[in-house]
Amino acid sequence: MIVDPFARLGIRRCMGISKDELETRYLKLSKTCHPDLNRTADVAEQARILSLAAELNDAYRTLKNPWERARCLIDLQDPQLFTMTKKLAPTFLMTAMELAEDVAEVNADRAENLRLTCKRKLDLYLEEIAELLLREDYAEAAVKLHESKYYRKALEDLNNGDRRAG
Amino acid sequence: MAYSDKVIDHYQNPRNVGSLDKNDKNVGTGVVGAPECGDVMKLQIQVDDDGKITDAKFKTYGCGSAIASSSLATEWLKGAMVDDALEIKNTQIVEELSLPPVKIHCSVLAEDAIRAAIQDYKAKSGTATKTEAGA
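Same order as they appear, the protein sequences are chains C and P. Position in the first sequence (from 1) plus 328 gives the number in this note's numbering. Position in the second sequence (from 1) plus 6 gives the number in this note's numbering.
Keep in mind the hints are simulated off the structure, nothing from the lab. All clues stand as given, with none of them false.
Below, a list of computed lysine-lysine pairs in the DSS-like style, where the Cα atoms sit at most 27 Å apart:
#	chain 1	residue 1	chain 2	residue 2
1	C	K449	C	K414
2	P	K130	P	K95
3	P	K128	C	K415
4	P	K95	P	K12
5	P	K130	C	K415
6	P	K130	C	K414
7	C	K414	P	K128
8	P	K95	C	K415
9	P	K130	P	K28
10	C	K449	C	K392
11	P	K31	C	K415
12	C	K449	C	K415
13	C	K359	C	K392
14	P	K128	P	K31
15	C	K392	C	K347
16	P	K58	P	K95
17	P	K95	C	K414
18	P	K31	P	K58
19	P	K58	P	K84
20	P	K28	C	K415
21	P	K31	P	K84
22	P	K31	P	K95
23	P	K28	P	K95
24	P	K84	P	K12
25	P	K28	C	K414
26	C	K392	C	K447
Let the sequences and hints guide you as you build the complete structure.
Encoded structure:
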């Protein structure tokens with residue numbers, strides 16, 4: 329059973345959360361379970377507080393990252409959906425192949441351009457995913473989230489300068 | 007995690023890397039992906055009039071196991087009859103490469119790529135019997 333990070337932090341379950349609210353809620357709740365403030369508690373209570381603190385950290389980390397936030401909204405709706413939607417359309421996979429080739433063959437002059445293209449594409453994906461989640465089209469949101477992974481990976485590889493073609 | 011010698015061999019010396027003309031009606035192309043790792047695999051077969059696979063090429067962007075699985079697949083495909091090639095199972099790839107459980111999905115990807123390439127070839131050459139449901 330997954331912990332609902334929105335519930336854990338007391339934030340409304342949606343894609344468009346406020347960064348400030350997330351930060352404030354996290355800091356406020358973290359204070360209550362800081363080990364220093366609970367030194368007089370018994371061992372069992374300290375253990376409970378510690379696991380609560382870990383849950384808060386996980387919840388915060390998940391919600392701070394928009395891709396993980398989207399994944400979380402999909403999982404909370406249907407834990408199977410993400411796995412069930414991973415077979416992507418051949419036309420998209422062709423695009424993914426070309427993207428991987430571009431990344432592998434890019435020279436220093438073009439790398440910045442390609443990086444920008446990926447970033448722009450990822451912004452569009454994020455907008456699209458947010459819209460799909462708002463319309464409660466979780467399956468299509470999952471597909472788009474899968475697709476975006478190729479651009480996220482491309483960006484990572486461009487930043488690391490490391491991609492191997494077989 | 008340690009890769010087996012065979013995986014390392016295929017990874018360092020991948021067989022049959024490249025592309026065939028995807029517009030050729032005797033060429034079947036399959037492109038599959040594992041989005042959770044951002045892997046993408048293209049596998050192509052060239053088939054003669056007797057239904058024999060005369061050439062196979064692949065291009066994979068992914069981990070060592072994904073590269074090795076597709077490289078091995080092309081070796082097995084070359085010289086095989088199309089209908090026999092459909093019998094290739096991911097478990098055979100797992101066995102040959104001694105893939106650990108966490109890398110089994112790489113062999114599944116290779117099997118999917120073989121099937122997709124054959125299906126594409128059959129659709130193009132008009133030898134398709136019936137497309138599999140959900141495929």
